[in-house]
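Given chain G, work out where chains F and H should sit, using these hints.
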Amino acid sequence: MTPPRRKGVGPLILIAPAAVLLGVFLVLPYLNIVVMSFRMPGQGTPYGPGYTIGNYTKFFADGFYLFQVANTLWIGLLTTAICLVVGFPVAWQLARGAMRFRALAYGLVLSPLLVGIVIRSYGWTILLGNNGLVNRTLTGMGLIDHPLPLMYNALGIVIALVHVFLPFMILPIMAGIQGVDPSLESAARSLGASRFTAFRRIVLPLCTPGIQAGCILVFVLSLSAYVTPSLIGGLRVKTMAVTVVDALIDTFQWPWGSALALMLSVTGALCVVIFARLTRMKWKVARP
Amino acid sequence: MKRPVLTLYCLLVYAFLLAPILVVVGASFNAGNFLTFPPQGLSLRWYVTFFHNDVFMRAIRTSLWVAAVATVISGVIGTMAALYYVQHAGRWKETVRVAMLAPLLLPEVLTAIALLFFVYAIGIGTTTMIGMVAGHVLITLPFVFINVSASLESFDPSWDMAARSLGADRLTRFRRIMLPLIKPGVIGGALFAFIISFDTFTISFMLKGIGTSTLPIQLFDYLRTNFTPEAAAVSTVSIVLTLVVVIVSEKVLGLRIHRF
Amino acid sequence: MTEVSIERLTKTFGSARAVDGISIRIADGEFISLLGPSGCGKTTTLKMIAGFEEASEGAIRFDGKDVVNVPAEKRDIGMVFQNYALFPHMTVDQNLAFGLEMRKIAKPEMLSRIAKVLDMVQLGGYSDRYPNQLSGGQQQRVALARALVIEPKILLLDEPLANLDAKLREEMRVFIRDLQRRVGITTVYVTHDQAEAMTMSDRVVVMFGGRIAQIGAPSDIYERPENLEVAQFVGQVNLVKGTVTGVAEAGRCRVASVFGEIAVDSRANHAPGNSVTLSLRPEAIELKPAGQGGAQGKVTARYYSGSIIDYRIALDSGETLHVQTFPNIRIAEGDRVSVHAPADGFWLLGAAK
Chain G
1 MTPPRRKGVG
11 PLILIAPAAV
21 LLGVFLVLPY
31 LNIVVMSFRM
41 PGQGTPYGPG
51 YTIGNYTKFF
61 ADGFYLFQVA
71 NTLWIGLLTT
81 AICLVVGFPV
91 AWQLARGAMR
101 FRALAYGLVL
111 SPLLVGIVIR
121 SYGWTILLGN
131 NGLVNRTLTG
141 MGLIDHPLPL
151 MYNALGIVIA
161 LVHVFLPFMI
171 LPIMAGIQGV
181 DPSLESAARS
191 LGASRFTAFR
201 RIVLPLCTPG
211 IQAGCILVFV
221 LSLSAYVTPS
231 LIGGLRVKTM
241 AVTVVDALID
251 TFQWPWGSAL
261 ALMLSVTGAL
271 CVVIFARLTR
281 MKWKVARP
Chain F
1 MKRPVLTLYC
11 LLVYAFLLAP
21 ILVVVGASFN
31 AGNFLTFPPQ
41 GLSLRWYVTF
51 FHNDVFMRAI
61 RTSLWVAAVA
71 TVISGVIGTM
81 AALYYVQHAG
91 RWKETVRVAM
101 LAPLLLPEVL
111 TAIALLFFVY
121 AIGIGTTTMI
131 GMVAGHVLIT
141 LPFVFINVSA
151 SLESFDPSWD
161 MAARSLGADR
171 LTRFRRIMLP
181 LIKPGVIGGA
191 LFAFIISFDT
201 FTISFMLKGI
211 GTSTLPIQLF
221 DYLRTNFTPE
231 AAAVSTVSIV
241 LTLVVVIVSE
251 KVLGLRIHRF
Chain H
1 MTEVSIERLT
11 KTFGSARAVD
21 GISIRIADGE
31 FISLLGPSGC
41 GKTTTLKMIA
51 GFEEASEGAI
61 RFDGKDVVNV
71 PAEKRDIGMV
81 FQNYALFPHM
91 TVDQNLAFGL
101 EMRKIAKPEM
111 LSRIAKVLDM
121 VQLGGYSDRY
131 PNQLSGGQQQ
141 RVALARALVI
151 EPKILLLDEP
161 LANLDAKLRE
171 EMRVFIRDLQ
181 RRVGITTVYV
191 THDQAEAMTM
201 SDRVVVMFGG
211 RIAQIGAPSD
221 IYERPENLEV
231 AQFVGQVNLV
241 KGTVTGVAEA
251 GRCRVASVFG
261 EIAVDSRANH
271 APGNSVTLSL
281 RPEAIELKPA
291 GQGGAQGKVT
301 ARYYSGSIID
311 YRIALDSGET
321 LHVQTFPNIR
331 IAEGDRVSVH
341 APADGFWLLG
351 AAK
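Going line by line, the protein sequences match chains G, F and H.
Be aware that the first sequence starts at 1, since it is given in full-length UniProt numbering, and climbs by one per residue.
Be aware that the second sequence starts at 1, since it is given in full-length UniProt numbering, and climbs by one per residue.
Be aware that the third sequence starts at 1, since it is given in full-length UniProt numbering, and climbs by one per residue.
Don't read these hints as lab results, they were simulated from the structure.
All C-beta atoms in this analysis are idealised placements derived from N, C-alpha and C, irrespective of residue type, glycine included.
Each hint should be verified, as a subset may be incorrect.
[Said to hold, decoys possible] Among the chain G residues that face chain F by a calculated CB cut under 7 Å, a handful are:
#	residue
1	L22
2	I33
3	F38
4	K58
5	Q93
6	P112
7	I117
[What the hints assert, rightly or not] Keeping only pairs whose Cα atoms sit at most 16 Å apart, straight-line, the calculated EDC-like set for lysine to aspartate or glutamate is:
#	chain 1	residue 1	chain 2	residue 2
8	H	K104	F	D169
9	H	K116	H	D76
10	H	K74	F	D169
11	F	K208	G	D250
12	H	K74	H	E54
13	H	K153	H	E333
14	H	K65	H	E101
15	H	K74	F	D160
16	F	K183	F	D156
17	H	K153	H	E73
18	H	K288	H	E223
19	H	K298	H	D310
So that you can see chain G by itself, here it is in the shape it has in the complex (with noise of 0.2 Å):
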């Protein structure tokens, strides 16, 4: 006899797979981490014997660190708010503009993702560089007489970022905006609300939560990013990912390594924390 729905552990093997990956190799290696942000520095070992907060109080007491995570922070905040600036419209004009050129607007915005972000960077290189097409084109034309700065600093960082995470805030804002229902619009309209506070009252609250998804998303990604700030920022401008990827990999200090690579999450994980309690209580986004 086969009842009409099973219960028990029949359907539990489904999960089992993902359960014990994630456990595994997600689970453990966190918690392992952790352990190590507390383990003594080594010599000539990647760590050493017993357990220290050394490495947490050392990340305070030099203004460096503590600098370079608000440096790192800036940037995040900074591609963040110019992705949104940037994407919002593009957003807009996927989910309501005119249908015939959707699916090709849609291909080009999913295109970035499709290219390696080495690839990416690498091209960015090609154009901010002193040498590169855009300061060339600019001096060719005689509007300047030396390059421009634009690598090897924040700008050229925050550039390559806002290209690299610029889809991650379009897609989720798109689905949020093609979430409202048009006639919301076209109802607020025909109650005597202008375009514009149409907008403002009826569609952007109701989006918020596509908007909330997109700036999360590019901005953690910004923290954790590695590639392009290490092309582009060079040796001059480092982030915090930088930093921590470059103790582990050239200096084998795992033990402080971690601690940073914590810290910084940690911050990161504040902020997102901060941004969502903020934007919802602006907002007053109800929840269905």
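Relative to the frame of chain G, chains F and H by itself:
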């Protein structure tokens, strides 16, 4: 076009999105020794150099191999998990979702570091590919899960009931009704997984062993010290490979998607 | 050729009793409708007959054999779903062939049966279409064909016309009814539309809150409703207060009301002096110009709808009546009228259970 300003603005953004990619592709045909503008004539010499570069060719093979293995594993695991999530999770639904998306929500650099320490902690290190493949499966799993569960959510339970009323047993219903109907989601998820795996950097960078560099790592290493257009040729080939995978899976596997 | 017998069937969800001990005997070839508002348990009952819901208690017998423990795929039923549930990745032919394949029917017979059924639902020539290339009505007929081609023991239909527009719905009523007669298959039809249930069924089962309120032929349900709830659900009804003045014989009383003293039928037992409610169907009432006897009143509203006119009448005694007449009488809003109701237009209601 109803709103010319908005349209123009969007075109500029699309141009911005495409610019670095087009520049890379263009640079690969540069005949000169350096990335100069305007290019010193057109040539395929950097492609020839690249195809004779064993390091890059080995990296391409490694990348394709890792991506294929990771796609198969996360395709199967992710599809099973999505089935559980949509049909059986009940009040654990939200928990399952968050857990399955966790690799996407956690910073990749942190996951990579954690995995690196972990494979050393359990003694397998980076001498085997286990760590790297596990990492690739982890970061591709959410994409399979999202795509498959989306297609499962649009699977109407009455289709299953109809098949039952017509006498189909559990296995037949899965094979003849559910699988064909969620196939677009499974293919889409696998496609995403493959591309993400093929292009991912940080996980591979931390977990690579000796001689197991993937293409993005090799390219990154190369770019730190070299400025020849060979890197552009490598990039262009990588882009073309990705496109081929997308088009082939659309044409061959996805044929039935468009029939209904 | 199947008789269905449902005995004390119950379905509980937690502490809620969605279906509460219902018993129905369905004769071979009979067309039965389960009629009731949403949440009355009619769909749950159908799903239990189909095997998609487990019965908590009670028995379901097909020709005397209890099928409660038989899984849906082994019950040999044909089911038509509200949204048709046609497999979108299969053509009409493939949809129809599916059930036959499950029964391992040989190819030649399969083809001839599919052709025959498609012909029956007037969809020859649509074999190679996909469901999304068909109109709603056509999809509906494919769903019907798919259920019938396997020659099931019983045919179950779950609000199959709910997604069609009004005109098509009326056509399909007749179509399904004729088809069922021709095939002679035992049929259970779930609907919340009383007109649908009335036109199509041999018998109607009216359900409220998981229980059966009344089982009977459509005319029985309409003309002799068990209680107020049933009367109101199966059509518009006027309620007239009255007092029992005498009991003539079992099931027949004399009742005094604003329409005078009349003899009416009832299922319930009443004693003289009881206050009772009489039901009076709007179409049984006749309006005449004022002063021609009967109850006196005034037209407060008039709604013209082509084949009939609806009037609202305020009786001088304070009651409000709803009257339907053919449009051949010309009475305007504000006119005073005489209201006549023949004795056989009344029905004495029992109290609602």
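A quick look at each hint next to the structure:
no., hint, verdict
1, L22, "holds (6 Å)"
2, I33, "holds (4 Å)"
3, F38, "violated (13 Å)"
4, K58, "violated (18 Å)"
5, Q93, "holds (5 Å)"
6, P112, "holds (5 Å)"
7, I117, "holds (6 Å)"
8, H:K104 <-> F:D169, "holds (13 Å)"
9, H:K116 <-> H:D76, "violated (20 Å)"
10, H:K74 <-> F:D169, "holds (9 Å)"
11, F:K208 <-> G:D250, "holds (14 Å)"
12, H:K74 <-> H:E54, "holds (14 Å)"
13, H:K153 <-> H:E333, "violated (56 Å)"
14, H:K65 <-> H:E101, "violated (26 Å)"
15, H:K74 <-> F:D160, "holds (14 Å)"
16, F:K183 <-> F:D156, "holds (15 Å)"
17, H:K153 <-> H:E73, "holds (13 Å)"
18, H:K288 <-> H:E223, "violated (24 Å)"
19, H:K298 <-> H:D310, "holds (14 Å)"
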